[in-house]
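Chains as they are written, first to last, in my numbering: chain A, 151 to 267; chain B, 10 to 552; chain C, 349 to 467.
In short, the hints are calculated from the structure, not lab data.
Treat the hints with care, since some could be wrong.
Simulated DEER-style distance windows between Cβ atoms [what the hints assert, rightly or not]:
hint, chain 1, residue 1, chain 2, residue 2, range
1, C, L366, B, L472, 15 to 23 Å
2, A, A207, B, A323, 51 to 59 Å
3, C, G439, B, K378, 29 to 37 Å
4, A, A256, B, H343, 32 to 40 Å
5, B, G325, C, G439, 44 to 52 Å
Simulated coverage check for chain B against chain A, where a stretch passes if three residues somewhere in it have a Cβ under 8 Å from a Cβ of chain A [as the list claims (entries may be wrong)]:
hint, stretch
6, 204-217
7, 349-363
We put the CB at the ideal spot given by N, CA and C, even for glycine.
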Amino acid sequence: MTAIVVLLNLGLGLAGLGALRLSLARHHDAVFAVPLARRRALAWRAGGWVAIALSLAVAVRFEGWDFGPVQWLGTLTAAALALVVVLSYHPRLAWWLVVLPLLSSAALLTGLSAGGP
Amino acid sequence: MRNGFRQSMAWLHTWSGLIVGWVLFAVFVTGTASYYRTDITRWMQPELRREASLDPDAVARAADLAVAHLQTHAAGARAWFIGLPQPDRPLVDLFWRGRPGTPPNRVFLDPRTGEPAALRDTRGGDFLYRFHFELHLPPLWGRWIVGICAMIMLVALVSGIITHRRIFVDFFTLRRDKAVQRGWLDAHNVTGVLALPFHLMITYTGVITLGLMYMPWGVTAAYKGDMQAFFAETGQVTQPRPAAGRPGTLAPVGPMVRHALATIPEPLERLTVQNPRDANATVIAVFEEPHGLSHEHPQVAFDGTTGAVVEVRAGGLRPAARTFTTMVGLHEAHFAGPALRVLFFLCGLMGTAMVGSGLVLWNVARLPKKGGAPGFGWRLVHGLNVGTVAGLPAAVAAYLLVNRLLPAGLAGRAEWEVRAFFGVWLATTLVAFLPPLRPRLAWSGAMALAALLYLAAAAADVLTARGLWDDPAWFLGFDAVLVLLAAALAVVSRKIVRYEPPRRARKADPVPAPGGRVAAKPRSAGQPAPAMRRETETRLGRA
Amino acid sequence: MTSRSAAKADLLARAAVLGRVVLAAGGGYGTAALATALLSLTLPLTRAEAVTAATLASFVVMVGVVVYVFAARSLVRAALGVGGTALLLGGALWLAIGLAPAPGPGPGTGARPGMSVPA
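Kindly produce the complete structure, drawing on both the sequences and the hints.
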């Protein structure tokens, strides 16, 4: 149970931080051919924060107000480290590092809500 | 000072960080290992057989056997501490202090027979745990030194945050293929910033854990310095019962243990017997913390001569006291299950890497010009860096390795393990100071040594202790982690050997984009090159 | 600038740094200690809670003072700032001790002697 929630937190953290990273011109322009437009940046940023907030909500929902925030911060740190290290070797993966975790999180979340806490 | 707030903070960050960096690195390594303290202890005593479960009668019988042993061997002691058997560690763990000046006594008993347990003599994970806050010095000295270093680390963190202007932009930036100094700066920033919540938490709660020793003046003002009265009044311990000064006879503790187990649902961790031969003897049953962040042990106190319950303490702390116990709980992370524990461990590793990369960065930023010889200060820092950053992990590996190599019956075996730890640490440091050794060779050699030692520890376990394992999968898992550590260190060692330094310090380098595509021109997020350079130097404290 | 006066300026700068280190350590700890003692006596909580809260906050005070000492424009200014704060806290503490009720049970649950902390 906890392991699944940790995975979910990791996925949402990866997707959220990956999106936030793409809202920064320096990182965005290294991946995409089109320069970052202002509205695009705002969209990435909003999406990123939503995923991170969702991660906190999930952690609190399943682990409570004491363990939830601790687990949220821990997974966020791990996700950030993974993101930075992987992208420093394979910067082209930036887009996939947002989409894949998001999809797997969605799958996990559906499974969790079906199974109940 | 100097010019401007940011520069003065950069200066403060560099020098405060350097001065305490070596101690902090050791504290981080041993503290991170302490998240797996019980596992390390288990690995170092492969003879121990775990039990599926222990019923209250078995625990009560073990407590009676423990008291019988103490009555014969520790009659004069003011207090007895009896660790009771747990399913994953079925041992009776006795501790008492003899006359002042003599070392404290510790004995492990078989909970079934009350005879000394047939285990190899080792300090296990407890050595690393105590080193984490006492540095193997007299406790008072060690704790003060670690506390001062932790305070300076707190200052270094705050000044580092102030110095680091573009935290958000740099948040995701790790450039491995640029100038060596830039790479190390990025590594320091990434490990520092990504785990910043952990770093702030672990440093502050670390100071708080021993806070009443460092800052006793509140207790001095409000309690005239009576620390015991303060602890009892916060509700963290049961009411004290001073000795009556008349001899008394301790009642059997078995019934007390049964009663305590029926009162509190948590596993019973230990008994404390105060003034065991006094008419006012007290037996206190201390339980494990209930599931939660807060580090508070439920306790039941008994009158030692009659066996009657005097007090039951469980929960009910007020907000400030609860904040305190929660901070201690967060620091120790006893609450963390396997998944959360891995995350804490990872954060600890990042803290270790932050301190280590900061130390290396000091050297890298001050590399002598081509053809120039490094000065005394540079060589001193370099030697201590190699000795600490590579030597300490090697020392931990040596500590594990000799646990498998030393004969079981060797007198003073536990001390020899500790000597191996310090011996390898000292030797690595001394070799790093040898003048003919080129800095890079010193680094890669020391890392390779550490890698070999971890590999050897895993191999020695499989070769010598295989027959003793009660759960082969668990031991193989532990060995796999050792092999992983060895592999990581070997990769580092190889990278150091193979590294081709780019031509040093192209001052007018444009802002490099991540991933090797050098941006032709500074972009919106970037800054003109001179400003970049100034910032880098500010952050390195050279301005 | 002659090399001699440059050397002198360098020495002065080093002395100023040393002064700040001493001021940050001594002044930081002293101010934090005074603040802890003062808050322990004056916070509107039970005695044990006041002491705990004051001790928990004390290390924030100390870090703040250290950062201030190194951020201040000059050593004299830093010394005046820290000295003034300490004097103020000391005066308040003196008043608090003077006004405190005669020794006896505190505002908490009454005097309770303690036992040693678990090993």
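Inset, instruction - Could you check the structure against the hints above and give me the numbers of any it violates, in ascending order? - result: Result: hints 1, 2, 3, 5 break, sorted rising.
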